[in-house]
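> Please build the complex by placing chain C on the supplied structure of chain E, with the hints as guidance.
Protein chains: 2
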Amino acid sequence: MAAEKEGKKIYHLNIGQPDIATPPAYYEAIRRFDRKTLAYAESPGTPQLIDAVRGYYKRLDVELEPSDVLITTGGSEALLLTCLSILDPYTEVIIPEPYYPNYTTFVHAAGGVIRALPTNPWEGYRYADRERIESLITKNTRAILITNPGNPTGVVLNQEEMRMIADIAKEHDLFLICDEVYREFCYDEKFGVPTMARFRDIDENLVIVDSVSKRFSACGARVGCVVTRNKELQAALLKFCQSRLSVATIDQIGAAALYSVDPGFFLESKAEYRRRRDTVISRLRKIPGVVVEEPMGAFYVMASLPVDDSDKFQRWLLESFSDNGDTVMFAPGAPFYETPGKGINEVRIAYVLKQEDLERAMDVLAAGIAQYQRKVMKVKAHPAV
Amino acid sequence: MAAEKEGKKIYHLNIGQPDIATPPAYYEAIRRFDRKTLAYAESPGTPQLIDAVRGYYKRLDVELEPSDVLITTGGSEALLLTCLSILDPYTEVIIPEPYYPNYTTFVHAAGGVIRALPTNPWEGYRYADRERIESLITKNTRAILITNPGNPTGVVLNQEEMRMIADIAKEHDLFLICDEVYREFCYDEKFGVPTMARFRDIDENLVIVDSVSKRFSACGARVGCVVTRNKELQAALLKFCQSRLSVATIDQIGAAALYSVDPGFFLESKAEYRRRRDTVISRLRKIPGVVVEEPMGAFYVMASLPVDDSDKFQRWLLESFSDNGDTVMFAPGAPFYETPGKGINEVRIAYVLKQEDLERAMDVLAAGIAQYQRKVMKVKAHPAV
Numbered sequence: 001m002a003a004e005k006e007g008k009k010i011y012h013l014n015i016g017q018p019d020i021a022t023p024p025a026y027y028e029a030i031r032r033f034d035r036k037t038l039a040y041a042e043s044p045g046t047p048q049l050i051d052a053v054r055g056y057y058k059r060l061d062v063e064l065e066p067s068d069v070l071i072t073t074g075g076s077e078a079l080l081l082t083c084l085s086i087l088d089p090y091t092e093v094i095i096p097e098p099y100y101p102n103y104t105t106f107v108h109a110a111g112g113v114i115r116a117l118p119t120n121p122w123e124g125y126r127y128a129d130r131e132r133i134e135s136l137i138t139k140n141t142r143a144i145l146i147t148n149p150g151n152p153t154g155v156v157l158n159q160e161e162m163r164m165i166a167d168i169a170k171e172h173d174l175f176l177i178c179d180e181v182y183r184e185f186c187y188d189e190k191f192g193v194p195t196m197a198r199f200r201d202i203d204e205n206l207v208i209v210d211s212v213s214k215r216f217s218a219c220g221a222r223v224g225c226v227v228t229r230n231k232e233l234q235a236a237l238l239k240f241c242q243s244r245l246s247v248a249t250i251d252q253i254g255a256a257a258l259y260s261v262d263p264g265f266f267l268e269s270k271a272e273y274r275r276r277r278d279t280v281i282s283r284l285r286k287i288p289g290v291v292v293e294e295p296m297g298a299f300y301v302m303a304s305l306p307v308d309d310s311d312k313f314q315r316w317l318l319e320s321f322s323d324n325g326d327t328v329m330f331a332p333g334a335p336f337y338e339t340p341g342k343g344i345n346e347v348r349i350a351y352v353l354k355q356e357d358l359e360r361a362m363d364v365l366a367a368g369i370a371q372y373q374r375k376v377m378k379v380k381a382h383p384a385v
Numbered sequence: 001m002a003a004e005k006e007g008k009k010i011y012h013l014n015i016g017q018p019d020i021a022t023p024p025a026y027y028e029a030i031r032r033f034d035r036k037t038l039a040y041a042e043s044p045g046t047p048q049l050i051d052a053v054r055g056y057y058k059r060l061d062v063e064l065e066p067s068d069v070l071i072t073t074g075g076s077e078a079l080l081l082t083c084l085s086i087l088d089p090y091t092e093v094i095i096p097e098p099y100y101p102n103y104t105t106f107v108h109a110a111g112g113v114i115r116a117l118p119t120n121p122w123e124g125y126r127y128a129d130r131e132r133i134e135s136l137i138t139k140n141t142r143a144i145l146i147t148n149p150g151n152p153t154g155v156v157l158n159q160e161e162m163r164m165i166a167d168i169a170k171e172h173d174l175f176l177i178c179d180e181v182y183r184e185f186c187y188d189e190k191f192g193v194p195t196m197a198r199f200r201d202i203d204e205n206l207v208i209v210d211s212v213s214k215r216f217s218a219c220g221a222r223v224g225c226v227v228t229r230n231k232e233l234q235a236a237l238l239k240f241c242q243s244r245l246s247v248a249t250i251d252q253i254g255a256a257a258l259y260s261v262d263p264g265f266f267l268e269s270k271a272e273y274r275r276r277r278d279t280v281i282s283r284l285r286k287i288p289g290v291v292v293e294e295p296m297g298a299f300y301v302m303a304s305l306p307v308d309d310s311d312k313f314q315r316w317l318l319e320s321f322s323d324n325g326d327t328v329m330f331a332p333g334a335p336f337y338e339t340p341g342k343g344i345n346e347v348r349i350a351y352v353l354k355q356e357d358l359e360r361a362m363d364v365l366a367a368g369i370a371q372y373q374r375k376v377m378k379v380k381a382h383p384a385v
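In order, the protein sequences belong to chains E and C. Just so we're aligned, residue 1 is where the first sequence starts under my numbering, counting upward by one. Just so we're aligned, residue 1 is where the second sequence starts under my numbering, counting upward by one.
With the rest of the complex left out, here is chain E:
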C-alpha cells in the first residue's frame, strides 16, 4: 500500500481479522498428524469434527443428529452452498441492510435477487420489525438471511425478536438463514449465547451458518458448517459437498481440537472485545457529528461520520493525511448497502486491535475528521453551541 511505503503507520480497523491468539490445541493437533498419505476426508466432514460440533451445540441445549451438520470450507462455503441449494434464478432473499457484502456474491452466484430491508443509524440499525419485513415478501421470496450478532452493525436480536422472525419464516414458508458466526460475542448477559436452533418448530425452515473463524480466532483454518434439520436441504447440500470432495483434512483435525478448548477462552476473548468496544464507542461519541449506537455483539461498529463521503475520506486519510506519521483504515459504508446512495457517509470499524492501538486509532480518526472538514469540505469554524 502506497501509504505504508511512504512510512506511514496504518491502524487497520477495516477487516474482521482478530488479533487474539488461536488456541494452541489447533497447532498441537495438526502437528500430531502422522498418516503417510494426506487423503481426502469424508465429503460431509470428518465424523470426529461433526461430533465435536454436535458436542458444542449440546452445551447450548441444541441436540443435533450427525446428518444435521455438514462441514464446509469456512462460513463462506456454507453460505455459497446454501444459496446454490435454495435459490433459483430470480428468486428473492430478504436481507437487512447494511449487510456483509459477500452475501451479494453468493446470492448472485445462484441467480438470486436481494431485497434489502432498510435500517438506519438513528435507530441503531435495528431491523426486527414485522411490518417492514412482511412488506418485502413476494411470491418469489425464498429466504430471509440475517446475521446475528450482526456484521457490520453489531445488532443482537433479543428473544422476542428472534421468535418473531422465526414466526414470519414459518408462516410464509420461507427458509431462515441465520449466520451465527459471532454467537459468542454478545456483550450483555441477557443474550446468553444466542441461536435460532433452539426453536424446534422451524426445523424445516432453519439453516444455521457457522464457523470456527471468529469463535476460536482461527480464520485461516477455513472450517465452518451448515446446520439444518431439513432433510431435503441436507440432500441438496450433500450433493454439493460431494462434488467438491472434502474440506481440508488437517484443518478439520485442528478444528475438532478447538472444540475441546476450555470455555474460559470465550469469556476472556469476550471480555477483551467488550473493553475494546467500550473504548471505541466512548471515543466516537466525543467526535462532534458522529451518529453511533452501542453495538451489543460481534466486533464491529457501524457509524455515521460527519463527512461528505466516507470512501473519499478514506482515500484522503491514506494519501493526504497523517497525525504524527499515523493514519487509519476503516471499511467505507456504501458497499454494505444494496440500495444505491445509502451508507455514503457511514463506516464500519472493526475493533480487532489491542486497547492502546485502538485508543491511538480513534485519536487519529478524530484528528482526521477535523482536518478533513476544514481542508476538504471547507467547513468554517464556528462558536460551539
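Derived from the structure by calculation, the hints contain no laboratory data. Any given hint could turn out to be false.
One copy or any two copies: either way a pair holds, since identical chains are not told apart in the list.
[Stated by the list, open to error] With a cut-off of at most 30 angstroms between alpha-carbon atoms, the simulated DSSO-like pairs for lysine-lysine come out as follows: (1) K342 x K239; (2) K239 x K8; (3) K312 x K239; (4) K239 x K9; (5) K36 x K270.
Okay, now just chain C, sitting in the frame of chain E:
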C-alpha cells in the same frame, strides 16, 4: 459398508485416492508454522504459493505473471469458480463423455448446460475429432471442457490433437477449460508433461484447472489453482476468491513446500502407476468379452464389461459374492455419461492400490464376472471358439 461389516475384504478401485505417500516436505512445513494467530491468507493465494506454482510452470517452459494464478480450494473450487465466472443460464459447455461426474454439478450450479461429445470404448474413448466437436457448437456455446490426461478414460491428447482443439476454441471464440491435474501421469515419453499453456495464441481462451492432489498425492490438502492469462476472467475469478476470503493458510504453506520436492518423486510415482496400469490391462484383456484400450495417462481405465448392468453387477459383488472372502469395488459407468442409457455396462477402475492388491482384485473381478454371468445373467456354458 454392509459387506465390510460381514467381514468381507473389499478391494477399492472405485475412487481416485492414491496410496502413494505424500512428500514429507508438506508435513515439515506445516509443523514449522508458528504464528500465534491463524489469520486469513491473501484472497488470490499466498505470494509464496503463487511463486512456487510459477516456478513449477517455468520448468514446463510456461512463463506466468503472478496475476495469472489464482489459488483455489482444490481443483474442485477452481472448476466451480470458473463455471460461475464463465457461464450464464442456458449457455453451453462441450465436454467429451464419459467425463468426471462432478463437472455436471459445477456446470449446473452456474445454470449452464452440458453438450456431450460422444466417444466409445471401441475407439478407446478418443474424442479429438474436429468434425464431431464443431457439430456441437451453437450460438450458446461458451466453452469446451476437457480433462487431459483424461479421467475416467486415461486418454492423452497428442500435440496435433491439442493444437486442433486450441484452434477450434480460437476460431469459434470459446473458452477452453483444460483440467490438467493428471499432467504428470503420462505413460509414453512422447507426451512429456503436456499442457495447453504453451500455446500463447490462445491466451484469451485458455483456463487451466490444476491441483496438488494427484501430482503430490496430497488430495486432503484441498489446494489447487486456476491459471489464465485472460484479464477479464481473472477479475471475475478474483471477485469470487475475495468473496470466500481465502484458501486455508496452513495448507498453502504445505503446498508451497511440495513444489520444492525433487522431480524424482514424479518419476517414481509415474513408474509405479505404469506398472499398475500394465497389470490391470493385461489382466482385463484375459477376461473374455471385456473391451478395453490401454490408457496412456492418469490412473484410471474405462472398460466395457460383459455384464448387463455394471451398477447391478457392483451391488451383486458386494451383497451376494465373495471369492475366498474378497470382493471388489469399481465405479459404474453410467454416471460418467450425460447421455441417458450410455455406459450401462462400463466401469471405471482406479489403479490406486499396490501391485499385489491390484493383482488379487483383478482375479476377484474375473471370478465375479464369470459367476455373475452364470448365476444372474443365466449365460450357459459354451465351448470356447
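> Which of the listed hints are not met by the structure?
none
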